[in-house]
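Participant: Residue numbers (this note's numbering), protein chains in the order written: chain X, 1 to 327; chain E, 1001 to 1327; chain H, 2001 to 2327; chain G, 3001 to 3327.
Calculated directly from the structure, the hints in this document are not laboratory data.
Think of the CB as a built atom: it goes at the ideal place given N, C-alpha and C, for glycine as much as any other residue.
A couple of the hints might just be wrong.
[As the list claims (entries may be wrong)] No farther apart than 30 angstroms at their CA atoms in a straight line, the calculated lysine-lysine pairs in the DSS-like style are these:
1. G:Lys3288 / X:Lys304
2. G:Lys3109 / X:Lys288
3. X:Lys299 / G:Lys3109
4. E:Lys1299 / H:Lys2288
5. X:Lys288 / G:Lys3006
6. G:Lys3304 / E:Lys1087
7. E:Lys1304 / H:Lys2288
8. E:Lys1288 / H:Lys2087
9. X:Lys311 / H:Lys2087
10. X:Lys311 / G:Lys3288
[To be verified] Residues of chain G placed beyond 12 angstroms of chain H at every Cβ, according to the derived structure:
11. Gly3072
12. Val3250
13. Met3326
Number of protein chains: 4
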Amino acid sequence: MATQLKFSANINTFNACADRYVLTGYGQRYPTDELIRRATQVEGLTGVEVVGLWHVNDDNLADIQRQVQEAGLVVTCVTPDIWAQGKWGMGSFASNDPAIRAAAIAEVKKSMRWAKRLNCEVIDLWFGQDGYDYPFQADFISAWERIIAGTQECADHLPEIKIVVEYKPKEPRTHCFVGTVGSTLLLLNEVDRPNVGAMIDVGHALMAYENAAESAALLQRFGKKLFYMHFNDNWRLWDDDLTVGSIHIVELLELMYWLDRMDYQGWYALDIFPYREDGVRAAAESIKWINAAHGLLDKMGRDKIAAVIAKSDALAASAMIREAMMG
Amino acid sequence: MATQLKFSANINTFNACADRYVLTGYGQRYPTDELIRRATQVEGLTGVEVVGLWHVNDDNLADIQRQVQEAGLVVTCVTPDIWAQGKWGMGSFASNDPAIRAAAIAEVKKSMRWAKRLNCEVIDLWFGQDGYDYPFQADFISAWERIIAGTQECADHLPEIKIVVEYKPKEPRTHCFVGTVGSTLLLLNEVDRPNVGAMIDVGHALMAYENAAESAALLQRFGKKLFYMHFNDNWRLWDDDLTVGSIHIVELLELMYWLDRMDYQGWYALDIFPYREDGVRAAAESIKWINAAHGLLDKMGRDKIAAVIAKSDALAASAMIREAMMG
Amino acid sequence: MATQLKFSANINTFNACADRYVLTGYGQRYPTDELIRRATQVEGLTGVEVVGLWHVNDDNLADIQRQVQEAGLVVTCVTPDIWAQGKWGMGSFASNDPAIRAAAIAEVKKSMRWAKRLNCEVIDLWFGQDGYDYPFQADFISAWERIIAGTQECADHLPEIKIVVEYKPKEPRTHCFVGTVGSTLLLLNEVDRPNVGAMIDVGHALMAYENAAESAALLQRFGKKLFYMHFNDNWRLWDDDLTVGSIHIVELLELMYWLDRMDYQGWYALDIFPYREDGVRAAAESIKWINAAHGLLDKMGRDKIAAVIAKSDALAASAMIREAMMG
Amino acid sequence: MATQLKFSANINTFNACADRYVLTGYGQRYPTDELIRRATQVEGLTGVEVVGLWHVNDDNLADIQRQVQEAGLVVTCVTPDIWAQGKWGMGSFASNDPAIRAAAIAEVKKSMRWAKRLNCEVIDLWFGQDGYDYPFQADFISAWERIIAGTQECADHLPEIKIVVEYKPKEPRTHCFVGTVGSTLLLLNEVDRPNVGAMIDVGHALMAYENAAESAALLQRFGKKLFYMHFNDNWRLWDDDLTVGSIHIVELLELMYWLDRMDYQGWYALDIFPYREDGVRAAAESIKWINAAHGLLDKMGRDKIAAVIAKSDALAASAMIREAMMG
């Protein structure tokens, strides 16, 4: 490999996580400066993600920039909040209400400008609220047209900032419009802007019964569109946001292999929800798993792996993995 | 049928619903007296459920009792909160910490006493936090022993109050110990107390790939243990808590048929999360669906249904349903 | 509506169905002429699908054409067999073996020629064996390149014959390359031939956690690419191939509505596996459900439905459906 | 550990596997003597399972016994065929037809007698066809009563033979009556015979969203009822019958740990379907994975594992696994 992976994490990893039952969170809540400080305690972490309005705004931007810099970190992604307030409940870019659509687009543009000022080249466009919960609740056509037009408008606002679309099949809506790698590529092709690409969140891919390795390969093959990666794990049926390496170790290995093979150059960012765990430990453990998987690929040998894949021999693949991990 | 169904709903149905993204809720939050008032606006609703500590406590019990009575309602269930505070995060009855276990049991007993004073015969024992998220995180044996012993202790505290165990395969933990109708019956047999039975939450059964009709039949056949029902709907893979009748209409019909056939005498309670909908409308619509399904069974004819089932003829069943619903 | 729907079914519907346990089938097996004769017994059925090699070949083509014609039927689709023989086990168009790839393409071209001679304009391209079962078993890039090139070659062979790609997330492989509506649209865009479109098999869409109505809308919006429909039902997690109307009635209604709204002009074909049922009855019952759903939309009122959708009001939608079906 | 695990496999592992598309199988079909011969080629395999009627019958029993003995193997399980012929399609023990029920029970008793003569102490009772496919198709109560009575009758026929109930949530029916570990324990308690216990098929447990380690612990805790184990793997949503170690390595480790801890004394049998793989290689690879997992537990240290579990510390568990496997 030789290449050193670059790790990032949303600073919210270090805050109390909440769910719909324990709304105040399972642990302690911290101010942003403390979250940044805690990020520095994670071995191997050199980048952080921030959420617009939650962590950065027009007033505190210079402060945050200084804090991040002094902490020896860089901002790798700014995520506009178009999904965490009640007003987005019926959608953001795809809302039936033109005022909400305009507000969502404005929010994204703000995050793009903040990203630029923070020397961060990526913003994360997650259409979490754009979907539906019930039958006969959605006009699929106008929804897609609005999402396409809104994304184009954002892309043209600051072409030097990369917009990464984060797909997810469901939650918080029971159905999200942009839910799979295939529909993401459809969207990217329709949007047709060089600064609009995709992120794979591994857990979202698992929920969609995707193999993230395959999804990564497709995004790179059809336009070099894999701009960013979110790592986590789950039990395949829901976005449990577990630490990396909890369950799907073999698929993690396969993903890491294809990221290298398809020349992925972006960050290895964590998107975990350590509800009942310490965030610093959870992030450190996740990074160790990713590094261990990366190292194991070298031990297995990239050429040997390529040869095994080329023959589609499942038992040779199994033996190769077993010898590397259990030998 | 002749029998009139009795409907209840948790008064929280009429409050803003929150999820892990929109923690402050999608709508407006109301005080308890307003929740009770809103319950009276739902046509057909005569019962309400309350949650211990959230809605009732030692100080306000007489007040709540009066408000409910003046509203022309009865309290059908008190649910102890052993799952909505950070301190329960690592479990309640099955916690490794004896102090937490004792606190959880004490909380349940308090709810039992409140129930008694409210002339309510049921409390809902949901072990939502008793489970695990990760491999190698649970000692299954001690967990079950603690749950059995704790439930027995509660049952013996006030034998005139019915404890209904509400099973659910997952959420908030990725795995809950008491997750299916089968493991619930195992628990009930081990606990072996006449005042301990089960509730079926229809959505939880769907998540577990159960047919709620079958689960109801089993609980009644093996000990008359179906004490309570929670109605809602989902897309089968997650506890979406949709309004009744959204998706699984045929299974709703089958469930209603078997509840009658197995002589279920309890409440038809709603457990829905109308995140983006008005709670009063959502409850009213759910009740209309249940009543419509109940009425449709009469139209189809109970004898005819029994005859179709006895022959296991899927196409006769399909035609019977089609003619009743689409005719 | 006014429009009368056109119904078809694979003649194999009328044969014994087998699974991996009962390989000889649950019922009686019939020769092709008897299968055609049985198709005529299904009220409302005017079309049939045949499978290449199973039912038609160079030698019997004239015979079959005459039999179908005398039966008063038309052939609506010819399905090449590139998935039901051991030799396709490691893939057809995406096989690592160039001889197998060539054989698969030749098989498809044969079916195209047979279709032309049968006055049938559609062949069904299902890449059932093109996928993988295990990690590290697939080269995703070469697989997609082979599928694209092979499909283009077939499309150019007889441009007057429509090739409909039938996507399915899994089975017989644990992962199929062309598994969702999104990846299908990606494939169609890359293939870029006017005579290559898609089929939605409703059960395959359900397995992929798609709403078939949404999938249909997308295929029509992005290129008028919905050429054909396969109807059946399942319990959402597997391709159970149940009769139509068994479970997902509301989603059936929504699908029928959007097919009309998006101007779908093709056949309403059945793809069911009545393992333990009589095929003639199963097909007739399925057609009755589709017609009933279609009729119900008129009863509900297309304008009213459009208005409800436009407002995204889940409870208005629920009431509208309830009144139409349960009223 | 010290203990050496005992491995078995159904001899059908070495035959061509078929599915509902490729009914003649993906590979070559062999006679029984060749299947036995091929079993001897699998390193570490000392036991075989046979299926009644398929491999053994009254006429060939002595022959088979001699062949197995000469091959240096023992028969570990006889599986009566009450699920692989069309006549069982509407059920075996739970059939509405008393003649079918009697025939199924007679078939099981025959396998019990064959088992006895083969010095095999286990027969596998899998109610694969006892369930339903459609709503309103099953009388759950009479089904359970028939299953209980039939199992008791078999148990009393030859008390020295162990009957192991193999649960599975679905397939070939969309719903099987005995589908989870909980409903299995319910059945065992009702049957109440010392020679009736359970088998866990790991893939069936995964399909049911069970953690097989937890299921094993429950079966042992509540009556020492885990009599047999079937190993395989899948993608969690369907009984893919993959080779062991393909996907769920961490859960395999946890299962192996709990089997030891709960004093499981039975066979480690393979139940895999190597559709496109060589059966001998597939079995050998599976055994290597199980042995490797067993060895890894020693490397991790049983005491350390117990200590980690006792603390419910997910991150300590993750680090422990990572260091053992990736270190």
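Participant: Work down the list of hints and note, for each, if the structure agrees.
Facilitator: Verification of the hints:
1. Among the hinted pairs, lysine 3288 of chain G with lysine 304 of chain X is consistent with the structure: their alpha-carbon atoms are about 20 angstroms apart, no more than 30 angstroms.
2. Of the pairs offered as hints, the one joining lysine 3109 of chain G and lysine 288 of chain X is violated, with about 55 angstroms between alpha carbons and a cut-off of 30 angstroms exceeded.
3. Restraint check: the Cα-Cα separation between lysine 299 of chain X and lysine 3109 of chain G comes to about 54 angstroms, which exceeds 30 angstroms; the hinted pair is violated.
4. Only pairs whose Cα atoms come within 30 angstroms are accepted, and lysine 1299 of chain E paired with lysine 2288 of chain H is accepted, the gap being roughly 20 angstroms.
5. Of the pairs offered as hints, the one joining lysine 288 of chain X and lysine 3006 of chain G is violated, with about 36 angstroms between alpha carbons and a cut-off of 30 angstroms exceeded.
6. For the proposed pair lysine 3304 of chain G and lysine 1087 of chain E, the alpha carbon gap of about 27 angstroms is at most 30 angstroms, so the pair holds.
7. Between lysine 1304 of chain E and lysine 2288 of chain H, the direct Cα distance comes to roughly 20 angstroms. Compliance with the 30 angstroms bound is thereby established for this hinted pair.
8. Among the hinted pairs, lysine 1288 of chain E with lysine 2087 of chain H is inconsistent with the structure: their alpha-carbon atoms are about 56 angstroms apart, more than 30 angstroms.
9. Between lysine 311 of chain X and lysine 2087 of chain H, the direct Cα distance comes to roughly 16 angstroms. Compliance with the 30 angstroms bound is thereby established for this hinted pair.
10. The straight-line distance between the Cα atoms of lysine 311 of chain X and lysine 3288 of chain G is roughly 22 angstroms, inside the 30 angstroms bound, and the hint therefore holds.
11. Interface exclusion of glycine 3072 of chain G from chain H stands, the closest Cβ pair being 31 angstroms apart, more than 12 angstroms.
12. Interface exclusion of valine 3250 of chain G from chain H stands, the closest Cβ pair being 15 angstroms apart, more than 12 angstroms.
13. Its beta-carbon lying about 16 angstroms from the closest one in chain H, methionine 3326 of chain G satisfies the requirement of being farther than 12 angstroms from that chain.
Violated hints, in rising order: 2, 3, 5, 8; the structure is consistent with all others.
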